[in-house]
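A.B. asks: Spelled out, the chains give:
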Amino acid sequence: MKKYYLGIDLGSTTSKAIIIDDKDQIMGRGITNTRANYKVAADIARQEAIYDARFNLLHAKIQPEIQANPNLVKYLEDIRRVFQYVQFRHRMKRLEELLAETVESFRRPDNDVLEQTLSNILQTIGPRIRDGFLHRNLGGQNQFFRDIVSEQYNLEVSAVPPEFYEPLMLAFDKSITPVENEMFTQSFEELVYEAMRYLNEKYQGLADQPNAGAQDDWYYAELNSSSKSFKSIERTLTQYIDDVVKEEIHIANMVGTGYGRALLPFPEDCIMSEILCHAYGAHAIFPNTRTVLDIGGQDTKAIQVDKHGLVTSFHMNDRCAAGCGRYLGYIADEFGLSLNELGPEALSATRETTICSTCTVFAGAEVKELLHNGEERPNILAGLHKAIVQRAMSLLARSGGVRNEFTFTGGVARNQAVLKYVTEMVRESYGELTMNIHTDSIFMGALGGALFARKGMIQTVPKEVAAKAS
Amino acid sequence: MSKEAIKEKSMILQKEMVEGLFNELDRVQETGKKVCYTFVPGNLSELIRCFDMLPVYPEINALQNAMRKKSAGYIKEAERHAHSEDVCTYVKCDIGMMIKGNVGPTGSKIPDPDVLLLSYTGCFTFMKWFETLKRSYPNAEVIMLHTPYQENGEMTPEMTAYMVQQLEQEVIPKMEKVSGVKFDPEKLKKILGLAREAQDWIARIFETTKHRPSPIDAYFAGVYYIGPINIGFRGTPEAVAYYKELYNEIMERVLQGLGPITPEGEMPEEKYRLVVEGPPNWTNFREFWKIFYDMGAVIVASSYTKVGGVYDLGWRHDPDRPLESLAEYCMNCYTNLNIPQRISLLSKLIKEYHADGYVTNSIKSCNSFSAGQLAMMREIEDKLEVPVGFIESDLVDPRYFSYSNIKNRLESYFQMLAQRKFIHETQNA
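Chains as they are written, first to last, in my numbering: chain X, 1 to 470; chain A, 1 to 429.
With the rest of the complex left out, here is chain X:
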């Protein structure tokens, strides 16, 4: 039986999981938002990573046929999108039930109208979200169940008669957390076939010939016409899917890390510090790494590592989370933007406004003042991003500076404006050196955990030492 190894990084904002095989190859990635129930967060991340691993196995299996039938890849991608929607839909159904129950429990004189208003909202946002998943890759935009639903729900609730605003928001607040903390367990097989049924409906409604519509429409038309029917592709894929669902993803060992690691349902010896895991993960991807900067939701870590990926010293922010991911979240809320929009807008700045405050809350007040004085929003955002990086630079200096090569990890490394300032400031202070950023930057802690799970601590030390010890 093939062995797989799991690493779970339970961060303050997101929980990540990575599955590797016995050759240290990443097989699956899972991510979800960290919620009140840490076990559920860890289980969902793990489940997502296992689903992802199955899709990757599926992709590997169809590899020989891709050249002859390139539509297979597109179809598989489409299944993945819908697969995410199917998962979303199950949770959404539960939320709808709970919302209805909660509103009913209010027993207001006008409850009938309130219930009808809720029903209208849900009927409006349901298809909109469905379209988002099926046609606009909503599942691939780093948004989680809570973010997706609340964005749409809030939008609709803001348009209802004022007397319903508060009860509807209250109902949402009361319902979302229990639903979020509920674990839905469906097999990969169930979900993937449900996804294919959705695709059936979608394809059957499409034209057989390309028209002047969007590129996606053209693709689907081509899929229908060139292969006579998507059905033949579906049939081919089904055989592979049946193979993959039979394959057991046996997790031989696992390691939990991250801020919430102590709350993970793992044995004590399967829990490791996120410092060691982030460093080891970063070093596995970039073996020449000597300094790692990780900016996560609530903490920033500056880590020095040796040539074996072992930590020699580290420094973390204390007492204040300004300069971390949550700071960006707060700023995004202040501007009414999504997190993904912050970086690009900051990059469009003509100059960086100086932000004096190092405190998240005070920075909010400062931003309001600057807007009031007519400062351009992109310039303020650029200043805020710069301020974050300045704090990280101070931490790096305290940890012993930056040594070649420098690897930037954590969720915040996905922000292009942060990346720009990190690059500039590191070069300014430490000269030309190799800087590494990886698309998996947010998964480095989980990857390190998975590697520790596979190797155990002894095997992570230098080979000559491990040989001597054994």
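By construction, these hints were calculated from the structure, which means they are not laboratory data.
Treat the numbers as computed from the prediction; the structure is a model and nothing was measured.
The C-beta atom is built at its ideal place from N, Cα and C for all residues, glycine as well.
Treat the hints with care, since some could be wrong.
[To be verified] Derived, one-sided and incomplete: chain A residues facing chain X with beta-carbon distance under 10 angstroms:
1) 351
2) 409
3) 420
Chain A: place on chain X using the hints.
C.D. replies: Just chain A now, kept in the frame of chain X:
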């Protein structure tokens, strides 16, 4: 932390000594003894004793209040009276206690000072602290002994002469005036002889941690051991008896191969030997200690236990050079050493006590300790290739002790240490 702390004979002796001092402070109105407020670093206990005065150490009161969970209220009180959030929390705890009636940690009112003796000026806060006290106690005599900083890493004859001159012309005459007791050089010599004896014992006690397992924790238990020598008992037969007893108890543990006693009993296994720089946190002292002993970490040496005197390098009070040695004592306190001297001392401790790691507990409100700590840590790390850890807390303000942050950092540190220790031991096997 449900188990009762185990009490040894030395602990009982210490308790009696401390209670005795507070009883004497309670009775000053009857006995007419004069009260001298002073600080631990560079304290002139022998001289105070020579004039039959009773010492009060505000920072000891502050830390004891913190251990009894009273400091938060006192700090709040001081802040209500416009002392800023950034002021040393020892100061604010002391000021708050004064405002609230100056009831000490034992529950009795601490008598007002007859004299404010500032014998260590390396901590600027001390000067401002006594300025504040002088405003509250306008009738108290103020004695300020300027202690030169060891800028060039040495105590020159000129520095000693300068201090002796101050002792002769400023300190002693004022103490005579306040106490009404004439200075008796012979009495001082006798006290200094006993002080030297106590110092010999305490130096031996802190050397026992060279054994494996270390029989004591030189930081968390060490702060109790330094109590008598730092709070006015240096130079008494009681202190000599206490340290002798303590030494014997510890040697008994060495013979039996026992590790340190913690609040939860004996530490079963010594996994890591550490040197710690910086004072401990007092508000969550036991929680703080527990993080270490739960991980099997024992502190084999610490700079904080040298805050009332550095005896490791052989320095002792000398009855044949009474005033000169008092001067040198003041100049030789840990926080009066320059940074290279501190690095050298800490490096010596790491090497001689075979430490696996070095941890800095950086205190938010203590400039004397915190200034230069990072640079020291970096140099020690580079020079000795010893794994270093850095945590932050505070002396007596519970708002600045984040258990989860500190535990998180230390867990990471200990896992890092485990890897490095494994490598080190395997390579040297």
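A.B. asks: Which of the numbered hints above does this structure break?
C.D. replies: When the structure is compared with the hints, only number 1 turns out to be violated.
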